[in-house]
Structure formats: structure tokens, C-alpha cells
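Asker: Sequence order for the protein chains is A and B.
Residue numbers for the first sequence follow our numbering, so the first one is 23 and each next one is one higher.
Residue numbers for the second sequence follow our numbering, so the first one is 23 and each next one is one higher.
Incorrect hints may appear among the rest.
Since the list gives no way to pick out one identical chain from another, each pair is judged satisfied if it fits inside one copy or across any two copies.
[Claimed, not checked] Mimicking BS3-like on lysine-lysine, the simulated pairs with C-alpha atoms at most 30 angstroms apart in a straight line are:
hint, residue 1, residue 2
1, K93, K24
2, K24, K418
3, K418, K93
4, K247, K182
5, K722, K756
6, K372, K241
7, K247, K676
8, K418, K468
9, K372, K418
10, K323, K742
No lab work stands behind these hints: they were computed from the structure.
Number of protein chains: 2
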Amino acid sequence: MKHIVEHDEWKLICRQFDPTLHMARESLFSLGNGHMGQRANFEEDYSGTSLSGTYVGGIYYPDKTRVGWWKIGYPEYFAKVLNSPSWMRLSIHFEGEKLDLAQVQTGDFYQELDMQESVLRRHSMVKLKSGAVLKIQSERFLHAEQQEAGLLRYSVSVIKGEGELDLLSFIDGDVRNHDANYEEDFWEEVNSGIRNATPFLQVRTRKTHFDVAYATQHKIAMNGKQPEVLPEPHKQNRGSGIRWKIWLKQGDNVVVEKYAAIASSLNHDKNHLLTHVLEQAKSFKEQGYDTLLASHKAYWKNKWEHSDIQIEGDIAAQQGIRFNILQLNHTYFGNDPRLNIGPKGFTGEKYGGSTYWDTEAYCIPFYLATSPEKVARQLLEYRYKQLPQAIANAEKLGFKQGAALYPMVTMNGEECHNEWEITFEEIHRNGAIAYAIYNFINYTGKADYLFEGGLEVLIGIARFWSQRFTWSEAKQAWVMLGVTGPNEYENNVNNNWYTNYIAAWCMSYAREMLIQGLAEKPAETRQVLNKTEVQEQEWNHWRQQVEKVYYPVSDELGVMLQQEGYLDKEQLTTDQLNPAERPLNQNWSWDRILRSCFIKQADVLQGLYFFEDDFDLATLKRNFDFYEPRTVHESSLSPCVHSILAARLGYAEKAYEMYLRTSRLDIDDYNAEVHEGLHITSMAGTWMSLVQGFGGMRVKDGIPCFNPMLPNQWESFSFKFGFQDRLVRVLVNKESVSLELLEGEALEVRVYGNAKVLDPGSNPTWPRQTLGVN
Amino acid sequence: MKHIVEHDEWKLICRQFDPTLHMARESLFSLGNGHMGQRANFEEDYSGTSLSGTYVGGIYYPDKTRVGWWKIGYPEYFAKVLNSPSWMRLSIHFEGEKLDLAQVQTGDFYQELDMQESVLRRHSMVKLKSGAVLKIQSERFLHAEQQEAGLLRYSVSVIKGEGELDLLSFIDGDVRNHDANYEEDFWEEVNSGIRNATPFLQVRTRKTHFDVAYATQHKIAMNGKQPEVLPEPHKQNRGSGIRWKIWLKQGDNVVVEKYAAIASSLNHDKNHLLTHVLEQAKSFKEQGYDTLLASHKAYWKNKWEHSDIQIEGDIAAQQGIRFNILQLNHTYFGNDPRLNIGPKGFTGEKYGGSTYWDTEAYCIPFYLATSPEKVARQLLEYRYKQLPQAIANAEKLGFKQGAALYPMVTMNGEECHNEWEITFEEIHRNGAIAYAIYNFINYTGKADYLFEGGLEVLIGIARFWSQRFTWSEAKQAWVMLGVTGPNEYENNVNNNWYTNYIAAWCMSYAREMLIQGLAEKPAETRQVLNKTEVQEQEWNHWRQQVEKVYYPVSDELGVMLQQEGYLDKEQLTTDQLNPAERPLNQNWSWDRILRSCFIKQADVLQGLYFFEDDFDLATLKRNFDFYEPRTVHESSLSPCVHSILAARLGYAEKAYEMYLRTSRLDIDDYNAEVHEGLHITSMAGTWMSLVQGFGGMRVKDGIPCFNPMLPNQWESFSFKFGFQDRLVRVLVNKESVSLELLEGEALEVRVYGNAKVLDPGSNPTWPRQTLGVN
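Build the full structure now, drawing on both the sequences and the hints.
Answerer: Rendered as C-alpha cells:
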């Protein structure tokens with residue numbers, strides 16, 4: 023845990039430049055607008071350690087996989103969202119001396135990410151070796167509505183000294199992925215230069231042949247007026263720019279506004295891409311910086327009105343939840359069906375920017391409650407479109423008859439992950455994809471989605487599980503051999519309880535939906551039956567299998583076992599660990615981690631979270647009490663689940679501890695890796711831990727239900743959720759819980775099991791109750 | 023299984039050029055002399071598919087490892103014996119047309135590897151596009167005593183046509199490893215050119231900075247006389263040569279003799295290396311081709327006199343065993359303590375040419391019986407010298423107090439293998455290293471080796487196992503979690519029976535040797551105790567652990583279980599497999615292989631082979647009957663063990679089948695991979711399956727014992743073995759077993775349990791008995 027930014031309700035702030043924290047801040051202060059995103063790299067030259075990163079959604083490269091020993095079934099490539107050219111670069115010299123923030127002395131340094139406005143600002147005094155002192159200020163944002171626009175306003179003032187300011191503004195296409203398997207250069211230049219005083223660059227990815235084009239227009243002012251200078255053209259490897267040389271005296275000030283247009287061939291014909299960005303840059307300049315900033319702010323104001331969560335009495339918690347909501351909203355806007363949510367969003371290269379099970383397991387609930395229904399639906403359709411590849415993937419592994427195994431990591435439906443223990447074995451991901459369909463129907467009430475792809479996906483998944491179970495003569499039960507559960511600190515185990523459970527659930531749910539469909543929508547259901555060639559005897563077989571699935575349990579301890587043989591391990595708890603050896607994955611050999619009992623992330627508990635209605639509170643308590651002390655939470659996806667379950671059990675302190683850990687995971691860098699980028703998908707988990715954890719919100723039989731609790735550290739908290747064309751606000755304070763219907767028609771709700779109808783304008787209140795098992 | 027060569031007692035022969043079998047033959051016809059080796063690549067240009075390979079012992083490169091996701095404990099590099107410059111290359115044009123064997127028409131093609139002489143010969147008629155017909159003949163060998171000498175005699179005769187023969191003889195340093203992780207070029211040129219009409223080349227490996235130098239002298243004759251031509255110098259990237267242009271008429275003949283000297287900085291100062299090879303090449307030329315060939319043949323005649331195995335009545339089996347003995351003898355001469363035996367010897371790049379557990383588990387018995395004692399001792403010392411790295415390796419994984427884990431693959435003692443499931447988990451290799459010490463002492467009677475390193479190694483290994491066992495509260499036993507057994511088609515299993523057994527054996531044996539040492543050699547033993555800081559309570563703890571080791575067994579089936587849970591798998595046998603899907607590793611996904619019950623190589627049975635005295639025949643029979651039908655023998659190390667056990671059980675047909683499979687594994691390409699190189703270490707297994715299997719030879723309490731059987735297909739077989747300064751010949755025919763003491767003093771032996779003293783000159787005979795359990 024580190025102190026990287028100040029506590030503030032609406033901002034990330036740092037007041038001192040610290041090169042050792044620079045990469046962490048580059049991640050934390052990242053901007054994004056769904057179409058693209060950028061780490062908070064300095065605009066100026068910086069010779070210190072930095073991870074420069076600019077990413078354009080959907081632009082990826084099939085990087086040849088790197089494996090020790092190739093085996094059949096391994097994927098050919100690992101798709102990587104590319105580090106793309108940077109639009110915002112400046113190179114500044116004063117009196118011939120380069121302004122390099124790693125070399126000059128800085129004072130009065132200030133950097134902020136304004137979360138309310140999604141604007142990055144920075145100012146600093148810099149003292150050059152010549153003795154000259156400059157004040158620099160920068161402000162930049164990625165426009166939330168005109169998503170191809172990147173805007174920068176940069177100012178240099180001479181506080182002391184005089185001399186020539188050499189200011190180069192350029193597009194820098196000389197970028198590489200830091201995370202490249204064979205140090206390949208993924209880009210080639212199509213065109214670059216300057217047209218009508220507008221530097222431009224068009225580049226193309228090798229192999230995948232995506233084009234991205236950039237054009238930048240500028241306004242420059244000296245002491246508020248157009249300076250009399252001759253702009254000089256600049257050309258470099260994959261890039262171009264404009265240079266101004268201006269003589270400045272003490273007190274003089276130069277301001278540059280940079281209007282960048284960034285567009286890709288995903289959205290435009292390659293042949294017209296360049297014309298398009300040239301026109302766009304011109305249009306942005308004509309609109310003007312202040313106008314664009316105003317419309318950008320207006321967008322975010324509205325966004326926060328619908329999605330803000332307020333916490334009174336705990337500034338760290340307040341800052342944490344807003345940061346999570348902001349960065350989630352930076353990443354995915356839900357307006358492009360080809361995009362999904364990579365674990366690091368637009369803030370780093372790790373995990374390749376591809377789609378993981380995180381989307382279904384963690385992000386769907388957030389989008390269901392905070393975005394129009396079509397957004398979550400679109401995320402489901404993303405997988406439906408990739409069903410043929412999931413079937414092909416299963417075939418490659420030896421499965422038959424339309425069994426579908428969704429990939430662990432994908433960009434276009436093909437598997438990208440290249441470690442067998444994950445690729446072939448972390449198959450529980452298939453379950454999450456079915457669970458998301460259940461979640462969508464349960465929340466929206468729109469069972470019609472079954473006939474728009476849902477049922478086909480459920481059948482493919484059920485078929486996979488049916489074939490993946492092995493009949494054990496020894497146990498006289500169906501066993502699941504050789505899997506990796508959510509806890510990736512175990513590989514190739516037999517009978518991971520979570521995997522067995524979700525597999526059986528998928529088979530039951532698919533069968534149930536088939537039977538229900540035949541009863542309620544026979545024509546539509548028959549169509550699916552014909553298409554998938556599934557027959558009654560197949561789904562009857564699923565039922566027979568489900569009845570004889572083997573589940574590892576300890577009768578003595580009254581807990582489900584993470585996997586067979588888990589109790590053969592040396593049973594230690596995290597309080598016995600040397601704090602200097604954490605996180606374990608940065609200190610212990612993989613061998614030691616694998617053999618230890620320590621758990622990376624919720625595994626049995628993930629199942630108890632998904633399927634809470636199947637188990638009583640006492641069972642949950644026994645399992646939580648057993649597994650929580652063995653969990654090191656070295657996955658970002660872990661603490662949110664523990665927080666939700668702790669809240670349910672009335673473990674207020676644990677729920678709060680886990681909440682802080684999930685909501686401030688990146689801000690406080692719990693896992694010592696924020697420099698690589700943010701944990702975007704787990705941010706949806708933070709939202710869940712507030713709404714489902716402290717808010718205790720569930721939708722049961724179409725009715726929103728609440729069992730709220732309030733951490734002792736808080737005065738109150740409130741959140742809003744959308745539900746079947748309504749918008750509802752929930753306020754929880756020390757005394758009471760109150761709900762308000764802000765939009766839409768009357769709605770039945772339940773708080774602590776007491777039903778009321780929420781009428782428009784009404785604001786009913788329930789006294790707060792204490793939760794938990796005694 | 024393919025038909026690649028003719029059956030012949032002393033030769034590999036092929037009479038037709040087939041491009042589809044060319045790479046397989048390049049492997050099979052390989053030459054070697056301990057110092058270096060070479061695949062049977064054509065001397066001439068060849069544009070077809072080929073794996074050109076020349077290897078110089080001990081010259082390796084630390085190729086950066088390639089892993090999907092780096093984890094702590096992974097090695098930095100995979101050491102690779104390098105594909106080195108080729109000394110024998112020719113490039114031939116006639117009338118301006120290139121002689122490319124992939125392009126011209128060949129007739130009367132003949133290629134042989136003379137196993138008796140270790141000489142490679144080839145001749146062929148070739149018809150050029152011009153209509154000209156040439157007869158080409160080549161003969162080459164790597165001198166067995168003057169190990170830096172490569173000799174080639176090459177002849178071209180004009181059968182039809184006339185024109186200019188352009189014959190270039192060169193050293194080709196423009197070579198790459200086909201198996202390079204990042205397509206790096208591993209070599210750089212130090213010097214090349216022509217001095218005193220001698221083309222030379224000196225190259226250096228990057229990173230490791232080994233130098234290898236080449237010099238080639240020539241003799242050329244036209245129709246038996248020195249031709250009147252001006253040799254032209256030739257220079258190319260990393261190489262040089264000499265070109266002759268000679269006008270030939272029909273009936274003319276040109277013969278070139280090439281005398282190559284190849285030496286490395288392992289044996290010579292880098293600064294004098296070039297002078298050395300220039301002098302050597304001169305010396306070879308002065309000795310002359312025929313003289314060198316004669317001394318080479320004499321060496322091999324003597325070698326065969328000591329190591330030949332004769333089989334009457336079965337030419338395929340005879341050819342197989344000689345091929346195995348020849349290629350083993352090509353690979354390791356035992357005269358350089360820095361060298362060891364790579365799984366592919368000098369015949370291919372796979373497995374990096376490094377040292378595996380194969381040496382201890384399979385090769386030691388061969389060298390004990392067929393070479394002077396110092397050879398096997400030197401192989402043990404190789405590991406003793408690497409004990410510090412084995413201790414460091416264990417520390418890297420989290421072990422303490424001098425625990426030693428020998429690497430899975432190594433060149434200099436450091437671990438090179440880069441798959442966690444092997445590197446960290448296939449730890450049974452540690453047991454084989456201890457077992458080799460036991461084997462050596464048992465065979466030679468030289469317990470003094472314990473005080474020359476043996477005991478230190480045993481203590482380090484015992485300490486590793488002691489720490490690697492985990493106390494299971496659940497089982498109230500010591501369990502071994504997360505291992506890969508010899509059967510690499512299972513990874514990360516718990517309680518692999520073989521690993522648990524050999525681990526416990528190591529701890530017992532180390533303790534026994536310590537106690538025995540204290541009783542018999544107290545001073546020497548105390549010295550080891552002081553050095554290793556081992557104390558009585560430590561070895562008492564080993565004993566307590568050994569008493570409570572968990573062994574997975576099935577009481578119902580009466581078999582040891584390969585690992586916990588093995589019986590949960592679908593129990594199939596190999597006769598249920600589709601032959602088109604074999605070998606499985608080339609047809610099934612890794613996922614499917616891992617989950618199936620099929621076994622790559624002897625695992626439980628490897629333990630029953632090593633520790634046969636601990637189990638009765640009925641137990642062996644039950645286990646063999648259970649595991650043999652589940653074993654696909656897709657490791658070259660598998661059939662030999664099955665053959666030995668089958669012989670012991672009296673399963674004559676199975677023993678014979680497995681014998682053919684091991685001895686003709688490469689000749690008949692059972693596993694469809696001979697094109698990559700030969701399976702050198704398993705060739706020692708072939709020898710074992712004859713001597714220990716059919717010969718039934720064991721050394722018990724210092725006495726050689728025999729329980730021979732004779733396959734029905736054979737008339738007789740005979741082998742020789744060295745034993746404590748004696749040389750003994752064993753002959754087994756349909757009626758009897760007879761032994762003859764060829765060298766040394768009288769020796770007690772036992773045949774079928776009946777003891778006799780073998781006096782010099784005597785030739786006792788025992789009637790043959792039938793083996794097996796009823």
C-alpha cells in the first residue's frame with residue numbers, strides 16, 4: 023500500500039513530482055472516452071522511467087505466442103491492443119536547453135485528474151540549468167461525445183530569464199508495445215506530412231491491417247495575441263509536427279491549443295480516413311477549445327447525475343468509488359458492439375486489452391443498473407456472435423456436437439491465451455457466460471433474449487460441460503478432471519467445487535430454459551432446437567448427470583473443498599505470512615505458491631456469491647470463516663466478492679476492509695503493480711460491493727430487494743439504479759433506509775423483506791436492521 | 023512405423039532416394055566421435071527439405087527462454103548445443119548447371135552407414151538437364167581417435183557428355199539453429215580466409231564466447247593424377263573455400279579428398295586455436311586419407327570386440343541393437359568430464375543437447391558394463407561438480423539448509439527447462455541421481471566414492487525430499503503435492519507413487535550410507551558431516567518421515583496408483599485407440615491427453631524396475647498387467663523398461679515386441695519424429711533390455727546374477743560385460759546358458775540362482791529355464 027495521491031472527494035491530486043511514483047500516476051491519471059484512451063504521460067520530453075501509452079479501441083495485433091513447448095490446441099497468437107501513436111506530444115527547448123522533467127528542477131508541482139469533468143491538469147515551475155525559470159501549465163481531455171477529439175491547452179510563462187522558446191508540437195508514431203513477444207514493430211507508416219498547416223499521420227498495423235489516422239490543428243497565442251512567427255514543418259520517422267521559435271522576455275507567456283482528430287478504419291473507409299481526420303481537426307479548431315471543454319463537462323455532469331455514489335463521512339471511500347466509476351466510464355461507452363472491456367482498459371498493455379470472463383462475472387451487473395438495457399444486451403450479443411468460434415475452439419480440443427468452449431482471452435472469438443493450465447483448464451469462464459444470460463433475464467425480465475441467441479449459447483455451453491464431465495467408476499459419480507478454478511494459484515486440479523457447481527448449474531439452467539421455452543414459446547424454441555439439433559434425450563442426460571455430480575466437501579469442517587485434496591496442504595492463514603513476502607506472486611516461486619494453501623481470489627466463495635439462494639447463511643458463514651483467512655487477494659477480482667459476502671454475514675469491519683481494498687486497489691496500489699495500468703474490470707466489482715454488498719440489493723422474482731448495512735465509518739451512502747425503465751435512488755444512513763423513484767412508473771420493492779410499492783414522488787423509509795448470522 | 027532402411031546385420035542401407043524420407047535418413051545415418059557429430063546431410067547443394075546439423079561437444083548458447091507468463095523461479099535461458107559451421111560442404115556445377123540432388127534425376131542411388139566401421143558412403147548416377155550423366159561417390163567419417171578430424175573423399179565421373187566441372191569445397195559458417203527461440207543468430211565471425219592454400223574459419227558464440235575453428239586441406243586428382251588447374255580462392259559470409267574448374271570428357275574422373283580439422287576453445291587457447299587447426303589439417307593431409315581410414319577402422323574393430331551383441335536368427339533385432347550401440351558410442355566417449363549425453367546426441371537440435379535424468383536412469387548401466395569404471399564415475403562427478411548449482415536451484419524455489427534440486431535440463435548445472443510443470447515438478451529426476459550412485463557402488467563395489475562426493479550429493483537430495491514432503495493432517499501422512507512423474511502426460515498431480523517411493527528411498531539410502539560410513543569410515547564420514555552440517559536428528563527425522571509416507575494404491579485391483587485419483591479417469595486401453603490418432607501427442611490436444619488415462623512412459627513400472635527386490639513377482643505381474651495396456655510408449659525411454667519387466671515375468675512376446683520397439687524406435691520411426699534426430703539416451707535402454715531383460719542380469723551382493731530368457735524368434739544371443747576388472751561373455755541359446763571369463767580373475771556368478779565360480783578358461787553351461795509367475 024502506497025500513498026500516491028491526496029484524499030479528495032472529486033479529484034486525484036499530487037503536489038510533488040516523484041519519479042519513483044511517476045508510472046503509477048501515469049496509470050491513475052489516465053483518460054479515456056470509450057473510443058480511445060491515454061495514460062497520463064507528460065506532453066514534454068521525459069527521459070525518466072515511463073510507460074507511454076495511447077490506445078485506440080479495437081485496434082489489435084495477433085502477436086505470435088511464446089510458449090516453451092508447443093502442444094496441440096495452443097493458440098497461434100495473443101491478440102494485443104496496440105500502443106498507438108501519441109497525438110499530444112510536445113518537445114520544448116528554452117535557450118537551447120531541453121525541457122526534460124527528469125532533468126530540470128521542479129517546484130510548486132501540481133497534477134490533478136478532475137473526476138467530475140474527466141480533465142487532466144498539471145502545472146509546475148521549472149528551473150533550467152541556465153538559471154531561467156518557466157511556469158508550465160497543461161490541461162487535456164478526450165472529448166466524451168466527439169470521441170475522435172483529443173484536446174490540449176499548454177502554456178509556458180517566463181518567470182525569470184529571456185531567450186528563444188523552441189516549441190515543437192508533433193504526432194509521435196514511433197511507438198512500440200512494451201509487451202511484445204518478439205520485439206516486433208507492429209506498425210507501418212501509410213502516410214505522414216503536413217497539409218494546410220495540419221500535421222497528419224496514417225499508420226497501419228501489420229498482419230491485421232487496421233489503419234489509424236491522426237491530424238492536429240493548432241492555435242498559438244503570445245501574451246494573448248497571435249505571435250509573429252514562421253511555423254516550421256517537422257518530419258520524423260512515422261510522425262510530423264510544427265515548430266515555433268519565439269523570443270520571450272521575462273513575463274511573456276505562450277499558449278498552444280492542440281486540436282487532434284484520431285480515427286480508425288474500424289469506423290471509416292481506409293481511403294477516406296486521412297481526409298476525415300483532416301476535416302475533423304479543422305472542425306474541432308473551429309469549435310474552439312472552450313466550447314469543446316464546455317460540452318465535454320456537460321456530458322460528464324449528466325453522467326454523474328445518473329451514476330454517482332455518495333458516501334458521507336469517509337473521504338477515502340468516496341474518492342475510491344468515484345475513481346472506479348470514472349475509469350469504468352472511460353473504458354466502455356456501450357455504443358460499439360465490436361468493443362468489450364479489457365482488464366486494463368486503455369491504461370496499460372498487460373492482458374492484451376482483450377476480453378476475459380471479467381465482463382460477464384463483474385461488469386454486467388454494473389451496466390445493467392447504470393446504463394440503458396441495450397448496453398448489457400450488446401455485451402451478451404458480443405458472445406453470441408462469437409459462438410461459432412467457441413464451438414471451433416472446443417472442437418480443436420476434441421469435443422463434439424456443437425459443444426462450445428468460450429476462450430479465456432479473446433479479441434475476435436478466437437482463443438489467445440497461451441498457457442495450457444489456463445487456456446485448456448480455466449473453463450469455469452464458460453459458466454460465467456451462461457450466468458450473465460441468467461443475470462440479464464433476471465434483471466430485465468426480458469426472456470425474449472433466449473430466442474435472440476441466448477438459448478443457443480446456453481445449449482453450446484451445456485453440451486461442453488456434459489462432455490467435459492468424466493464418469494468415475496471409482497466414485498460412481500461424474501467428476502471434472504484437470505481444471506483451474508478462479509483461484510489461479512492452483513492448476514490442473516480435480517473437482518474444483520466452483521467449476522463443478524457452475525457446470526451443473528449451466529446444464530440445469532439450459533434444460534430449464536428449453537422446457538420453459540417449449541411451454542411458453544414453442545415456435546421460437548423449436549427453431550432453436552432445429553438449428554442446434556438438440557433433442558430431449560440430450561437434455562435428459564444432462565439432468566441425469568447433474569444428479570450425480572461429485573462435489574468435494576469436508577463433513578468435519580462443514581465446508582466445500584476448493585478442490586479434492588485441498589486439506590492435504592499445510593493449513594496456514596494469511597496472518598502467519600511475513601508481510602515482506604507479499605504479494606506472494608512477487609516474492610515466492612511459482613512452485614511454492616502452487617503447493618501452498620493460499621488462495622489468489624474468491625473460488626468456493628465466488629460460487630457462494632453467484633448461487634447464494636442455494637445455501638443457508640450458516641453454510642456461507644462456515645465457508646467464509648474458513649476461506650477468507652486463506653485468501654491473499656492477489657487478483658483484483660477478489661476483495662469485492664469477499665466484501666459482498668462479509669456484508670451479508672454482518673461482518674462490518676471485514677466488509678469495510680475489503681471494500682477499501684477493492685475501491686482503492688489502484689489508488690493505494692495494494693498489489694504493487696499499478697504502474698502497469700489500472701484494474702478496470704474489477705472496478706465494476708467495487709460498484710457491486712457497494713450496491714450488492716452494503717446496499718444488499720438483489721432482484722428476486724422481478725422485484726428489487728434490499729438488505730442494507732452501513733459501515734461504522736460512514737454517516738450515510740446513496741446510490742441510484744436503473745430498473746426496467748425506472749430510475750431509483752437508495753439512501754442508507756445510520757437510522758434508516760429510504761428509496762425514491764426518480765423516473766418511471768410505480769414499482770414494488772422489498773427492504774429487509776418488507777414489500778412496498780414505490781410510487782412516483784413517494785419517498786418511503788424503513789428503519790435500519792442489523793444483518794448476519796448469530 | 024516406416025520402412026526407411028533395408029535389414030542388414032552391419033549396415034543401414036537405402037537404395038532409393040526419397041525426398042520425403044530424406045530428413046529421417048539424415049538423422050539415422052549420422053556420424054559422431056564424442057568430440058563432434060554430424061547429420062548425414064549431403065555434401066552437395068540440396069534445395070529440398072533438410073535439417074543440416076553439425077555439432078561440436080560442449081559448445082552451447084543460452085537462448086533466452088520463451089514463456090507465456092513469467093513466474094518467479096523460471097530459468098533465464100535454455101542452453102542449446104549449437105548448430106556449428108559445416109566442414110564438408112561442396113558446391114558442384116557441370117556445364118554451368120548446379121548439381122542439386124533435389125533437382126536432378128538420380129539413378130542407381132545407394133547410401134550406407136557402415137556400422138562396423140562408422141563410415142558413411144553414398145553413390146549415385148545423376149542426369150543433368152543438359153543430358154550429361156555423372157556418377158558421384160562420397161565417403162566420409164569422423165576419426166574416432168584423432169577426434170578433431172573430419173575426412174571426406176568425393177568423386178565425380180563423367181558417364182556421358184563433356185564440359186567444365188566447377189567444384190567448390192568450402193567451410194560453411196552461415197548456419198542457424200532451426201530451434202532458436204527468437205530467431206537470433208548465435209554466431210559471429212572471428213576470422214576467415216585462406217592461408218597456405220588452406221581455407222579456414224574461426225567463429226565465436228555470442229554471450230558464451232566459445233570459439234570454434236575450422237581448417238580444410240585438400241588433395242585433388244583427375245584420372246588418378248594431379249590436374250593442371252589454378253585453384254581459385256572463395257570467400258563468403260562466415261566461410262571460405264577453394265574452387266577448381268576442370269574440363270572433363272566422357273570417362274574422366276575427379277577425386278577430391280578433404281581433410282578438415284575442427285577444434286574448440288574448450289580444448290585450446292582461443293589465440294592459438296587457428297594455428298592449431300591449420301597445423302592439424304596439414305597433419306591429416308600428410309597422414310593421408312587411407313591411413314586415417316585404416317586407423318579409424320581399427321579403433322572401431324576393437325570397440326565392437328568389446329561391446330558387440332550378437333543375435334542369431336533375427337536380422338532386424340541384430341541390426342537394431344548394433345545401431346543403438348553404434349550411436350551411443352558416437353555420442354559419448356567418456357574422455358571429457360565436461361561433456362554428458364544429450365537425448366539427441368549430435369543428431370538434432372531438440373532438447374538442446376543438454377543433460378537430462380536419462381544419463382543416470384538409463385546410460386549409467388551401459389557405461390558400467392561396457393566401459394572402464396572411470397567413465398561411469400566421471401558421469402557421477404559431473405553431478406557432484408554441479409551440487410552448488412543444485413543447492414542454489416532449490417533455494418530459488420524456497421528450500422533451505424543445503425537442500426539440492428538437480429535441474430531437469432542443464433548444460434552447466436543451472437536449470438534450463440522453462441515449463442513450470444516440468445522444471446518445478448518433475449522432481450523425480452533428483453531420485454535418479456541418487457540411484458545412479460547406488461548403482462555405481464553396487465556394480466563396482468567402490469563405496470569409497472561416497473567420500474569423493476557421493477555422500478554430499480545424497481545428503482543434499484535427501485534434504486530436498488524431506489522438505490518437499492508435506493504433512494497432511496487429513497491423511498496423517500507425509501504427502502507429495504504438485505509433481506510430474508516420469509509419465510509427462512500427467513502434470514501437477516498429488517502423490518505420484520513413483521516419486522513418493524524414490525523420495526523415501528533416497529532418504530533411507532542417504533541415512534543408511536551415513537550410518538554405515540560412521541561405522542566403517544568414521545573420519546571420512548565426519549568430514550562430510552562437518553562440511554554439510556548434517557546432524558543425527560536430521561537423519562532421524564528422515565527415518566520418521568519415511569515411515570509415514572503416503573502411497574496411493576488400489577486394494578481392490580492390487581496395484582499401486584500412478585497418482586491419487588488415477589482411477590477417476592475413464593479407464594481405456596490402447597487397443598481401443600484409433601491407430602490413425604497415434605502417436606497421441608501429434609493428434610490429440612494437450613487437454614485431452616492430460617485427462618486421459620494413457621501413459622506416455624513407464625511410471626509406476628519404472629519404480630518396480632528400480633526397486634524390484636522390494637516387491638514380489640505377483641505384485642509386479644498385477645501392476646504390469648494393469649499399466650502395460652494403458653501405456654502408449656510415446657517416450658523413447660518407455661519400451662525398454664517394459665521389455666525388461668516383461669522378460670522377468672516370462673511374457674516372451676511382449677518382451678520381444680517392446681525390445682523391437684526400443685531397438686528399432688528410430689530405424690522404423692515408431693513415434694514419427696526421427697527426422698528431428700535420434701533418441702540417443704534411450705539406446706542405452708535398448709542395451710539394458712537385452713542384457714537386463716533377456717539376459718536377466720543383475721548384480722546382487724557383488725555377484726553377477728542371470729535369469730536369461732530367449733525370444734522365440736531368436737536362435738541365440740550373446741553379450742559381453744566388464745565387471746570389476748573382468749570381461750565376461752554370456753551366450754544364451756535354446757538349450758542353455760553359458761558364460762566365459764575372457765579377462766581377469768575367477769569370479770562367482772549365479773545363473774537361475776545356481777552359483778558357480780567362473781575360472782579363467784572355463785566355460786560352464788546351465789540348462790535354460792522358463793521364467794515367470796504362474
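Asker: State for each hint whether it applies.
Answerer: Taking the hints in turn, this is what the structure says about them:
no. : hint        : result
1   : K93 - K24   : between (42 angstroms within a copy, 24 angstroms between copies)
2   : K24 - K418  : between (45 angstroms within a copy, 28 angstroms between copies)
3   : K418 - K93  : both (12 angstroms within a copy, 28 angstroms between copies)
4   : K247 - K182 : within (21 angstroms within a copy, 92 angstroms between copies)
5   : K722 - K756 : within (26 angstroms within a copy, 83 angstroms between copies)
6   : K372 - K241 : neither (36 angstroms within a copy, 62 angstroms between copies)
7   : K247 - K676 : neither (59 angstroms within a copy, 97 angstroms between copies)
8   : K418 - K468 : neither (34 angstroms within a copy, 55 angstroms between copies)
9   : K372 - K418 : both (27 angstroms within a copy, 26 angstroms between copies)
10  : K323 - K742 : within (15 angstroms within a copy, 92 angstroms between copies)
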